[in-house]
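Participant: One letter stands for each residue in the lines below.
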Amino acid sequence: MRAALPALVVLAIAAAVAPSRAQNANPLPPGEGRDLVAVACSQCHYLGTIAKIRDGAAGWRVYVDNMVLRGAQLSGPEIETVVNYLALNLGPGMNLSPPKPVTLPDGAGKDLVETRCSVCHDLERVAVVKRDRRAWPLIVADMAAWGAPTTPEEAKTIADYLTAHFSD
Amino acid sequence: MKQLIKDYLDHGISRRQLVSGLSALGMSGVAAKAVAQNLSPLGPGAAEAVAAAAPVAIRDVEGNGGALFVAQLKAAGVEYLFFNPSTGDHPIFDALVDVPEIHLIKGIQEGAVIAMADGYARASGRTGVVVVANIGLPNAMTQMVNSYKDQIPLLVAVASVDQDALGRDQLQEPDHPELMTEPITKWFWQMQSTAAVAETTRRALKFAATPPCGPVFLSLPTNTLEQRAKAQVWERSKFDVPMRIRPDKDDIEKAARMLIEAKNPLISIGDDITSCRGEKELVELAELLGAPVAGLTGGLGYWSKPFPTRHPLYVGALLRTMRYPGKPDVLLNLGNRFGEIASPGTRLISIRLDPTGLARGAPVDVAMVADLRLAMADLSDAIRSMAAASRLKAIADERTARAAAYSKQMHDEREALARALADSTPVSLERLGLELEANLDRDTCYVTDADSGKTMDALMSFGGDDKPYFSTSPNVLGWGMAAGFGVKLARPDVPVVSVVGDGSFCFSGPQPLWSMARYKAPVTVIVLNNHSYNNERNRIWNGAGRQFEAARDMTCYLGDPDVDYAKAAGAFGVEGETVKQPDGLRDAFARAKSAMVEGRPYLLDIHIKREGLGAVSEWYPPYSVADLRTRKV
Numbered sequence: 122m123r124a125a126l127p128a129l130v131v132l133a134i135a136a137a138v139a140p141s142r143a144q145n146a147n148p149l150p151p152g153e154g155r156d157l158v159a160v161a162c163s164q165c166h167y168l169g170t171i172a173k174i175r176d177g178a179a180g181w182r183v184y185v186d187n188m189v190l191r192g193a194q195l196s197g198p199e200i201e202t203v204v205n206y207l208a209l210n211l212g213p214g215m216n217l218s219p220p221k222p223v224t225l226p227d228g229a230g231k232d233l234v235e236t237r238c239s240v241c242h243d244l245e246r247v248a249v250v251k252r253d254r255r256a257w258p259l260i261v262a263d264m265a266a267w268g269a270p271t272t273p274e275e276a277k278t279i280a281d282y283l284t285a286h287f288s289d
Numbered sequence: 009m010k011q012l013i014k015d016y017l018d019h020g021i022s023r024r025q026l027v028s029g030l031s032a033l034g035m036s037g038v039a040a041k042a043v044a045q046n047l048s049p050l051g052p053g054a055a056e057a058v059a060a061a062a063p064v065a066i067r068d069v070e071g072n073g074g075a076l077f078v079a080q081l082k083a084a085g086v087e088y089l090f091f092n093p094s095t096g097d098h099p100i101f102d103a104l105v106d107v108p109e110i111h112l113i114k115g116i117q118e119g120a121v122i123a124m125a126d127g128y129a130r131a132s133g134r135t136g137v138v139v140v141a142n143i144g145l146p147n148a149m150t151q152m153v154n155s156y157k158d159q160i161p162l163l164v165a166v167a168s169v170d171q172d173a174l175g176r177d178q179l180q181e182p183d184h185p186e187l188m189t190e191p192i193t194k195w196f197w198q199m200q201s202t203a204a205v206a207e208t209t210r211r212a213l214k215f216a217a218t219p220p221c222g223p224v225f226l227s228l229p230t231n232t233l234e235q236r237a238k239a240q241v242w243e244r245s246k247f248d249v250p251m252r253i254r255p256d257k258d259d260i261e262k263a264a265r266m267l268i269e270a271k272n273p274l275i276s277i278g279d280d281i282t283s284c285r286g287e288k289e290l291v292e293l294a295e296l297l298g299a300p301v302a303g304l305t306g307g308l309g310y311w312s313k314p315f316p317t318r319h320p321l322y323v324g325a326l327l328r329t330m331r332y333p334g335k336p337d338v339l340l341n342l343g344n345r346f347g348e349i350a351s352p353g354t355r356l357i358s359i360r361l362d363p364t365g366l367a368r369g370a371p372v373d374v375a376m377v378a379d380l381r382l383a384m385a386d387l388s389d390a391i392r393s394m395a396a397a398s399r400l401k402a403i404a405d406e407r408t409a410r411a412a413a414y415s416k417q418m419h420d421e422r423e424a425l426a427r428a429l430a431d432s433t434p435v436s437l438e439r440l441g442l443e444l445e446a447n448l449d450r451d452t453c454y455v456t457d458a459d460s461g462k463t464m465d466a467l468m469s470f471g472g473d474d475k476p477y478f479s480t481s482p483n484v485l486g487w488g489m490a491a492g493f494g495v496k497l498a499r500p501d502v503p504v505v506s507v508v509g510d511g512s513f514c515f516s517g518p519q520p521l522w523s524m525a526r527y528k529a530p531v532t533v534i535v536l537n538n539h540s541y542n543n544e545r546n547r548i549w550n551g552a553g554r555q556f557e558a559a560r561d562m563t564c565y566l567g568d569p570d571v572d573y574a575k576a577a578g579a580f581g582v583e584g585e586t587v588k589q590p591d592g593l594r595d596a597f598a599r600a601k602s603a604m605v606e607g608r609p610y611l612l613d614i615h616i617k618r619e620g621l622g623a624v625s626e627w628y629p630p631y632s633v634a635d636l637r638t639r640k641v
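Respectively, the protein sequence lines represent chains A and B. The working numbering numbers the first residue of the first sequence as 122 and each following residue consecutively. The working numbering numbers the first residue of the second sequence as 9 and each following residue consecutively.
Simulated from the structure, these hints should not be mistaken for laboratory data. Among the hints, erroneous ones may be present.
Unchecked claim - Here are the computed lysine-lysine pairs in the DSS-like style, where the Cα-Cα straight-line distance is at most 27 Å:
| hint | chain 1 | residue 1 | chain 2 | residue 2 |
| --- | --- | --- | --- | --- |
| 1 | B | 617 | A | 277 |
| 2 | B | 246 | B | 271 |
| 3 | B | 401 | B | 257 |
| 4 | B | 82 | B | 262 |
| 5 | B | 288 | B | 257 |
| 6 | B | 617 | A | 173 |
| 7 | A | 251 | B | 617 |
| 8 | A | 251 | A | 277 |
| 9 | B | 528 | B | 82 |
Said to hold, decoys possible - Chain B is faced by these chain A residues, among others (derived, beta-carbon under 7 Å):
| hint | residue |
| --- | --- |
| 10 | 169 |
| 11 | 170 |
| 12 | 173 |
All residues carry an ideal CB built from backbone N, CA and C; glycine is no exception.
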C-alpha cells in the first residue's frame, strides 16, 4: 500500500486550536513505541488512517520522515522507534481487518495478487477500476519498494496480470 | 464593534456610548478610549477639527465625483490604483488623466487585481486601493477573503448604476451589491451624493488602515461620480491617527511577573507583530527571557514569519502538545489570532491588536489590547526593572542553550532527511527547498500560496535578516502570482520570487502574468507542478473514507490534460521553461535571475513529485462528452 500523511498543515491547525476530537480513542494496536506514535502523530492528524495502512519499514519511513520535515518533534532515535513500531504492528499481514470478498478473473498472476497484495489492502483497491496501461508497473514497483513481500519476478507477473485485466 | 463605530460616525450615539459599548465587547477602558479618540476627527465635532486644521492640509475642491474621489486619494498620498475598468467608473479614470502622481496598475481579472493590491499592502504597510467593475465584484471577493482574514488594508470600490435606477433590475445590477461584502469587510457603504464623495472616501481609507486593518467597500452610483460638487479634501495626517495603543501598566507588570517566575515559558507569535513592525522588539524579548518561540504552521495567524526561523530560540510549529520544550507553565501569545491554546497547568498571557480575537476560544489569565511593538518593549522594560540582570541572564542562558541544542538538532536532522530525498525524479520538494535556500539571495521576498510546498519552509531561512516571507492565513488559492507582483511594486529593489502550486496557477489563471509583462515586473514565478491538488487529496484520504478504501481519487488529479505552464506564460508575454530533472534546477535559477536583472519576469514550471496517500495514482473518473453524441457535430 502506498500512502503517506504529509498533508497535515491544516489538520495541524485544527488539532492545535480546536477542541480535541476523537483524540482519546487510540486505534493503534499495542506494541513498543505505541505511546510515542500516539503523542507525536496526534498533534496534527487523527490516528485512524495510520491504523488502516499497512506498509513495510521502507514505506513507513517515507511517511515519518515527511512528517518530521513538516514539523513533527521526533529525534533521530525516536524516528527509528516509530518506524519500527509501525513496521512491526502495521506491516504487511499484521492486524488486518476481514477482507471484502472480491472475485478476480483467472489468469497468470491471479494467485500472486490474492496472496501478496491482500496482505496490505483489500483487493477492491486493484480490481474495480481500469487504469492507464503505463500505471500498473509503476504502482506495483512502488508497492515493492515500500515493503510488499514480492520478488522482482513476482512483481512483474503481478503488473502484467493487472495490466491485462484492469487497463483501458 | 463595526456597528458601534458606524453608529458613532453617523452621529447616532455619543462618544460616551461608544466607549461603553466597546467596553461591553471586552475592550479595556484604555483601549476603548483610544479608539474613541482616534475616531473623533471623523465623528461628532469634525467641523471643529477642520476649522483648527492648517489650511494647507485641507483644501476645497470642485469637480465631478470622479475628480473628488481621485483628489482625496491624492491628498491621502495614494500612489497606485489597482483596477479593471467598467463604463460607470469612467469619471475616475478621466480625472486620472491629469493626476500623474497616481499610477494605474491594471489587472485583467478582478481576483488578480485584489491580490496584487493585497501583496502591495502587505509589503508596503500602505492601503491598497482598488477600482473594479460592479459585476466583477464576486471575482474580487474571492481574494478579499484573504485580505479580510489577515486584516490587510484595502479600499475596494465599484461603480454601480445611477441612484434613480437602483432597484429596477437593471442590466448587471444586483440589489444592494454592497451587502455581499458584509462578511468580509470592516465596513461597506453606498455613496449617497456627490458632495459626500471625498468625505466618504476619507472615511473608507481611515477604516481600512485603522488597526485592526481590513478591506472596506464602496459602491459608487455612476451619477454620484458624474455630477459636480464642491467638497474638502484632507491630507492623510488629518484623518489617519495611528492606533498605537500602549498597554495598561498594571497588566504589563502582572505579565512580566508571570514570565519572570515561569519555569518553562513558551512564546506563540503571530502577524500582529508584523503589522506593528515589532520584529526587533520580539527578538529582544525572547532573548531576554531565553524563551522558545513557536508559530502555527500553515499560515493561520502566521503568514509573515516575524521571528527569524534560524534563530536558536525558534522551535518551529506550535503544537497542542509541545514535546519540546515540554508543557509550558506560561504561554505568551503575541499577536496570533489562533495562538491562544488552553491547557490545564498553563497560564495564558495574550496580547492582540484585535480585541475580538482575545480570549475567543481559550480562557486567558492576562489579556491586553495593544500595539505589539509597544507592548513587547514595555514588557522587556518591566522585566528588566523587576529582576536583577544577573538573574535574568542566568535564566536566559540556560534556556537558550537548551533551545539552541534542540533547534540545531532538528535543523540538522531535517536537512539530512531532505538530502536523502534529493535525487528523485520528478523533483522532490526537499531538493527544491535545499536549492532555493542555496540559490536565492538572502533578501529575496518569498511569496507563496503553495500548500504542499510548505514542506520546504523548514529547509529555508526566513525573517530577521533572512528572506521576508509573505503568505496568507486562509490560503484562498490564486493569490500567489498576483501578490508577488504587488510585493515587487512595493519593494522594487529586492528580488521577489512567487512560489505557487499548479492548483493555484489554475485558480488565478495566467492573468497575473499579463500585468507582470505589461509593467515589466522582474518576478520569478515558480510553479510547483505535481499535477494534483496534492494536499487536498491527502486531507480527504486522511479521513479514511471510500476514496481511501477503494484507492480511487475522485477529485484531485490534475495531470490530464498535462498543462504546460511555461507555454501558457509565453502566451502572456512572460518567458519560461519547464524543469523535470533535479540537476536542471541551478541553471534554470540562473536564467531566471538573469531575466530579473534585465527587468523581465520569468516562469519556471517545475515538475514535482507527488507525495502522500494515493500519490502514485493518476486515475480519475473517466467521462467523455464526445461519447455522448449521437451526431458527430
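Participant: Against this structure, judge whether each hint is valid.
Facilitator: Here's how the hints hold up against the structure:
{"no.": "1", "hint": "B:617 / A:277", "verdict": "holds, 24 Å"}
{"no.": "2", "hint": "B:246 / B:271", "verdict": "violated, 48 Å"}
{"no.": "3", "hint": "B:401 / B:257", "verdict": "holds, 24 Å"}
{"no.": "4", "hint": "B:82 / B:262", "verdict": "violated, 45 Å"}
{"no.": "5", "hint": "B:288 / B:257", "verdict": "holds, 21 Å"}
{"no.": "6", "hint": "B:617 / A:173", "verdict": "holds, 24 Å"}
{"no.": "7", "hint": "A:251 / B:617", "verdict": "holds, 23 Å"}
{"no.": "8", "hint": "A:251 / A:277", "verdict": "holds, 18 Å"}
{"no.": "9", "hint": "B:528 / B:82", "verdict": "holds, 24 Å"}
{"no.": "10", "hint": "169", "verdict": "holds, 5 Å"}
{"no.": "11", "hint": "170", "verdict": "holds, 5 Å"}
{"no.": "12", "hint": "173", "verdict": "holds, 5 Å"}
Violated hints, in rising order: 2 and 4; the structure is consistent with all others.
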